Each structure stands twice: as C-alpha cells, then as structure tokens.
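Student: Chain by chain, the residues run as shown.
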Amino acid sequence: MMTSQSDMAPILVDLDDVALNMPVHTFKKKDASTHESAVGGTLFHRRGRSFIRALDRVSFTVRAGERVGLVGHNGAGKSSLLRLIAGIYRPTAGVCRVAGRPSCLFSTNLGNRAVATVLESINLSLALYDVPYKDIPAMAEEILAFAEMEAFAHAPMGACSAGMQTRVGFGIVTSVRRPVTLVDEVLGAGDVAFQRKSRERVAKLMAESGALIVTTHMPGTLREMCERGLWLDKGKIVMDAPIDEVIEAYRNRMKDKTPV
Amino acid sequence: MTASSLDNIPLSEPAPDRSISGAVHDVLEGARRFRLAFNLGWQDAMLPYRRALLGPLWLSIIPGLWAGIISAVFYRSLGGGRPEYVLYVFSGIVFFQFAQAMLVSGTSAFQRSTSIIRNIPTPLFLHVLRTVMMNLQTLMAQLPMVGVVYLLSGGTLTSQLLLLVPGIVLVSVTLAGAALVLACATTIVRDLSHAVSAVMRVSFFATPVFWYADGGDPIRLALVQYNPFAHGLNILRDPLLGLPPNETSWAVCAAMMVVFWALGIVLFARFRMRIVSFL
Numbered sequence: 001m002m003t004s005q006s007d008m009a010p011i012l013v014d015l016d017d018v019a020l021n022m023p024v025h026t027f028k029k030k031d032a033s034t035h036e037s038a039v040g041g042t043l044f045h046r047r048g049r050s051f052i053r054a055l056d057r058v059s060f061t062v063r064a065g066e067r068v069g070l071v072g073h074n075g076a077g078k079s080s081l082l083r084l085i086a087g088i089y090r091p092t093a094g095v096c097r098v099a100g101r102p103s104c105l106f107s108t109n110l111g112n113r114a115v116a117t118v119l120e121s122i123n124l125s126l127a128l129y130d131v132p133y134k135d136i137p138a139m140a141e142e143i144l145a146f147a148e149m150e151a152f153a154h155a156p157m158g159a160c161s162a163g164m165q166t167r168v169g170f171g172i173v174t175s176v177r178r179p180v181t182l183v184d185e186v187l188g189a190g191d192v193a194f195q196r197k198s199r200e201r202v203a204k205l206m207a208e209s210g211a212l213i214v215t216t217h218m219p220g221t222l223r224e225m226c227e228r229g230l231w232l233d234k235g236k237i238v239m240d241a242p243i244d245e246v247i248e249a250y251r252n253r254m255k256d257k258t259p260v
Numbered sequence: 001m002t003a004s005s006l007d008n009i010p011l012s013e014p015a016p017d018r019s020i021s022g023a024v025h026d027v028l029e030g031a032r033r034f035r036l037a038f039n040l041g042w043q044d045a046m047l048p049y050r051r052a053l054l055g056p057l058w059l060s061i062i063p064g065l066w067a068g069i070i071s072a073v074f075y076r077s078l079g080g081g082r083p084e085y086v087l088y089v090f091s092g093i094v095f096f097q098f099a100q101a102m103l104v105s106g107t108s109a110f111q112r113s114t115s116i117i118r119n120i121p122t123p124l125f126l127h128v129l130r131t132v133m134m135n136l137q138t139l140m141a142q143l144p145m146v147g148v149v150y151l152l153s154g155g156t157l158t159s160q161l162l163l164l165v166p167g168i169v170l171v172s173v174t175l176a177g178a179a180l181v182l183a184c185a186t187t188i189v190r191d192l193s194h195a196v197s198a199v200m201r202v203s204f205f206a207t208p209v210f211w212y213a214d215g216g217d218p219i220r221l222a223l224v225q226y227n228p229f230a231h232g233l234n235i236l237r238d239p240l241l242g243l244p245p246n247e248t249s250w251a252v253c254a255a256m257m258v259v260f261w262a263l264g265i266v267l268f269a270r271f272r273m274r275i276v277s278f279l
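Chain order of the listed sequences is A and B. Quick note on numbering: the first sequence equals residues 1 to 260 in my numbering. Quick note on numbering: the second sequence equals residues 1 to 279 in my numbering.
I should point out that these hints are in silico values taken from the structure, not numbers from a laboratory. Here the structure is a predicted model, which means the values were calculated and not measured. Mixed in with the good hints, there may be bad ones.
Unchecked claim - Have a look at the derived ranges for each label pair, beta carbon to beta carbon:
hint	chain 1	residue 1	chain 2	residue 2	range
1	B	Ile20	A	Ala138	39 to 49 Å
2	A	Met8	B	Trp42	40 to 50 Å
3	B	Val24	A	Met8	34 to 44 Å
4	A	Ala203	B	Ser19	36 to 46 Å
5	B	Arg35	A	Asp16	56 to 66 Å
The beta-carbon is built from N, C-alpha and C at its ideal position, and this holds for glycine as well.
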C-alpha cells in the first residue's frame with residue numbers, strides 16, 4: 001500500500017474494508033446474462049433482489065497533501081467511491097471516515113432552471129454548498145469574472161449555451177474550499193482557452209486543499225495533478241502506486257483487452 | 001489550507017444507519033438551512049410564472065375561476081343562497097389545494113431534487129422542507145386575493161382573523177410531517193404517488209369545500225366528522241367565516257401532527273440511507 005506523504009501528516013480520508021452494494025430496480029434474476037461483463041460492477045442476486053457490487057472490501061488512507069488519481073474502466077466504482085467519501089452513499093459494510101465536509105466537483109449542472117438568471121443560479125448553488133450567505137456576493141462576482149460571464153449575470157440560464165453554462169458550473173464547484181476535494185470527470189469543460197484557465201484554477205484549488213481525489217479518463221491530466229494512483233477494477237483496488245506506474249499498468253491491461 | 005489547520009479537523013463517521021438520532025440530526029440540519037429551502041421553494045413556486053404577463057397572479061386566478069363557476073352553478077342548490085358562499089368556496093379551494101399540493105408534491109420531494117442529492121452532500125430533509133416552502137409561498141401569494149374576496153363578501157377586520165396565523169402554522173407543520181412520510185414511502189413504493197393523486201382528487205368532493213354539512217344528510221355529516229381534510233379546512237376557514245374555533249378540529253389536527261411526525265421520523269430513520277439509491 002503506497003503512502004507518498006509523511007506518516008506524520010494527518011489522515012484526512014480513511015476507508016477500512018468498505019463495501020457498497022447498489023440495488024438495481026426492475027432487474028430480475030431471470031434477466032441476468034451468464035456473460036462476464038468487461039465493464040460495470042459485479043451483478044448479484046439476493047432474496048429476489050438484484051444488486052451491483054460497486055465497491056468490494058476497499059481500504060486505503062489519504063493524508064494531508066496527497067493528490068490521488070483514480071483509474072479504472074467504466075463502472076469500476078470510481079464515482080461510487082467518490083460519492084461514498086462525500087457522504088452521499090453510505091457503505092454497506094466497513095467504515096469510511098473523512099475529515100470535515102468534502103468539496104465535491106461531481107457535476108456542473110445542479111438542476112438550475114432555464115428562467116433563473118445566471119446570478120440567481122450561482123447564488124443558489126453556492127448556498128447548496130453551504131457557503132455562508134455573507135460570502136456569497138463576493139464569490140459570485142469572482143465566479144462571473146472567472147467564467148467571463150459578467151455581461152450575462154442577469155440573463156436567464158436558458159439564454160446561455162451549454163458551454164457557457166458549463167463555465168459557470170465549473171466556476172461554482174471550484175470556488176468552494178474544504179479539507180478534502182473530490183473531482184469526478186468535470187475537468188476539460190469549455191473551449192481551449194477556458195480549459196487552460198480551468199487547469200490553472202484546479203491547480204490553485206489543489207494548493208489550497210488538504211487532499212485531492214480525482215477521477216478522469218485523461219491520463220495527462222492525472223499525471224499533471226496527482227502523484228499517487230489507485231486502480232479500481234470491478235469495485236476492488238488492484239493497484240496503489242505512483243500515478244505513472246498505475247497509468248502504465250492500466251494501459252497495458254487495456255491493450256490486452258481491446259484490439260487496436 | 002495550512003497543515004496545522006488540518007491537524008485540528010477530526011475524522012468523522014456518519015451516525016449509524018437506521019438510527020432515530022441520525023434521522024433527527026438530518027431534520028435539524030435541514031431546518032438549519034431554512035433560508036436555502038426557502039430560496040429553492042421560491043424558485044419552484046414563482047419561476048414558472050416569470051415569463052407570464054400576469055406573473056404569480058395566476059396562482060389566484062385559477063382558484064378564482066374554479067370558485068366562480070362552482071358558486072354560479074351551486075349557489076342555490078348547495079350554497080342555500082348564503083351571501084358568504086363565494087368566500088366559502090374560494091377560501092375552501094385555496095386551502096384544500098394547499099393541502100393537496102403539499103401531499104402530492106411531498107411524494108416526489110426527493111425525486112425533484114435528484115440532481116442535487118446525487119452530487120452535493122445535503123441533509124435529505126432539506127428537500128422535504130423545499131417542498132413545504134414551495135407550497136407555503138404559493139399559499140402566501142394567494143392570501144391577498146382571499147382577503148379581497150373576504151372584504152367584498154362584507155367581512156370586517158376582527159381579532160378573530162388572527163387565528164389564521166396559528167391555524168396556518170399548525171396545518172403546515174402537520175402537512176410537513178405527512179410530506180416526510182410520503183416522501184420516504186414513495187421512494188420505496190412508487191405506486192404511492194399515483195395513489196395519493198387519485199385520493200386527493202376524490203377527497204376534493206368528499207371534503208366540504210363547496211358544500212355544507214348542515215342539511216342533516218348522514219353521509220355529509222360523517223364526511224365532516226371523519227375526513228381529516230375537513231378538520232384542516234375548519235381551522236383555516238372558520239376565522240374568515242366569523243365562526244368560533246372548532247376545538248375538535250384543532251385537537252384532531254394536533255394529534256395528526258404528532259402521529260405524522262413520529263411516523264415520518266421512524267420511516268426516515270429506516271429508509272434514509274437507501275433513498276439515494278432508489279432515486
């Protein structure tokens with residue numbers, strides 16, 4: 001088990017033998033195929049109900065200062081793991097302990113209404129992240145400036161393109177500072193110029209966070225952001241090593257499985 | 001965030017699944033974020049009218065149309081030619097629709113907030129409170145028109161009208177408990193949302209919204225006595241009609257409040273951890 005930071009650094013995330021079974025509704029045992037799937041978690045049936053074993057006996061710790069990248073196939077359990085650390089999912093078994101409330105960058109679309117103005121949407125989203133109300137006006141101004149959307153502050157969200165909405169959403173989710181930051185595939189938003197700005201903003205967020213756990217299918221971004229890698233396969237951690245080694249091993253496995 | 005500040009943050013583990021204390025903590029945490037629930041509810045209630053010329057006035061126009069038609073058709077047969085019949089029907093429709101909306105939207109309280117629940121750790125009760133706020137704000141937008149109809153019906157400003165305030169509080173807290181019950185139960189048993197919609201449509205006719213129970217008809221008398229919506233309606237409508245507070249209705253409503261909240265907390269504790277995976 002890799003620990004790249006000093007053992008003296010405080011532990012911010014601690015998972016001990018964590019399992020997560022997710023119920024699959026309207027899926028019956030008779031519908032199940034005997035084929036082993038290359039993607040997704042393991043399907044199983046118990047007492048007439050179907051479940052996906054999203055996480056299977058996962059144990060690791062993350063200390064302050066660590067940047068951890070998660071790699072794995074679609075449905076390997078990366079997003080489930082992040083949501084479990086966030087407290088959105090609860091473990092079926094095992095213990096998950098986290099220092100403080102994490103900052104979650106899971107989606108840039110939090111169900112904002114098309115007729116709500118951009119500023120209203122930002123204010124409401126920041127309140128959802130439990131940002132103190134007194135801090136919201138200044139943060140909203142900063143987000144508008146970052147997204148280069150000042151001129152659209154009072155325009156309805158529906159008048160903004162998908163890319164513009166993503167800029168705002170990215171600005172919101174990267175403005176909240178917490179001891180642990182969790183990022184799920186929201187990197188790479190917007191056009192090329194904005195992506196550069198995004199990377200700089202994430203770098204700043206990383207510098208100001210205690211620990212970062214990120215998943216993305218962009219190996220270059222993972223190498224840039226993380227020094228430690230965790231490889232998940234069907235809900236199990238199969239490798240915990242420096243990020244370059246994990247990406248290399250994962251790529252080699254994928255080459256074996258996928259014809260080029 | 002400095003290393004020394006991180007030293008002081010203890011590792012925390014959520015309260016055990018299915019614990020009453022965990023459910024109560026969630027409810028209190030949701031209540032702490034009352035302002036957020038109010039803002040979310042405001043968006044739900046008012047934003048659909050933003051592009052409309054008459055705006056939220058439509059919230060009063062629609063029950064007004066209902067009351068107008070019902071009053072015109074049933075003024076003599078069901079209203080007995082009473083001068084306050086329009087006020088009786090209009091306030092009855094507004095208050096019944098408030099209860100109806102609380103229960104029907106309560107069944108989808110968590111589904112409506114799926115994108116938030118799946119992406120931001122928030123207390124789940126916040127989303128029930130959002131539903132309550134949405135419906136309360138709709139009611140508040142309709143009350144001025146109730147006042148106008150009250151004055152046009154010859155009503156005067158009396159101290160008895162002040163009973164509306166504790167009445168709205170009691171009925172709202174009771175319905176909030178019922179919404180919590182339905183939100184939890186419907187997440188597991190989806191049929192409930194259809195069942196509640198159907199029951200509420202039927203209840204409109206089984207509740208003295210536009211008919212009186214003083215004709216000696218035993219069925220109507222039974223409906224007034226045993227229909228919980230009738231008691232809620234008494235609490236809210238009696239002050240407008242100049243009637244003294246119906247002690248039975250207040251007692252029934254208070255009892256329902258205790259039962260719904262107790263059941264709601266038990267169901268919330270039982271299913272809280274499963275809700276996100278059922279969305």
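Student: All hints are to be evaluated individually against the structure, with a verdict given for each.
Tutor: Hint check results:
1. B:Ile20 with A:Ala138: 39 to 49 Å: Distance hint for isoleucine 20 of chain B, alanine 138 of chain A holds at roughly 40 Å.
2. A:Met8 with B:Trp42: 40 to 50 Å: 49 Å, holds
3. B:Val24 with A:Met8: 34 to 44 Å: With a Cβ separation near 38 Å, valine 24 of chain B and methionine 8 of chain A satisfy 34 to 44 Å, so the hint holds.
4. A:Ala203 with B:Ser19: 36 to 46 Å: Between alanine 203 of chain A and serine 19 of chain B, where Cβ atoms are some 41 Å apart, the hint holds.
5. B:Arg35 with A:Asp16: 56 to 66 Å: 37 Å, violated
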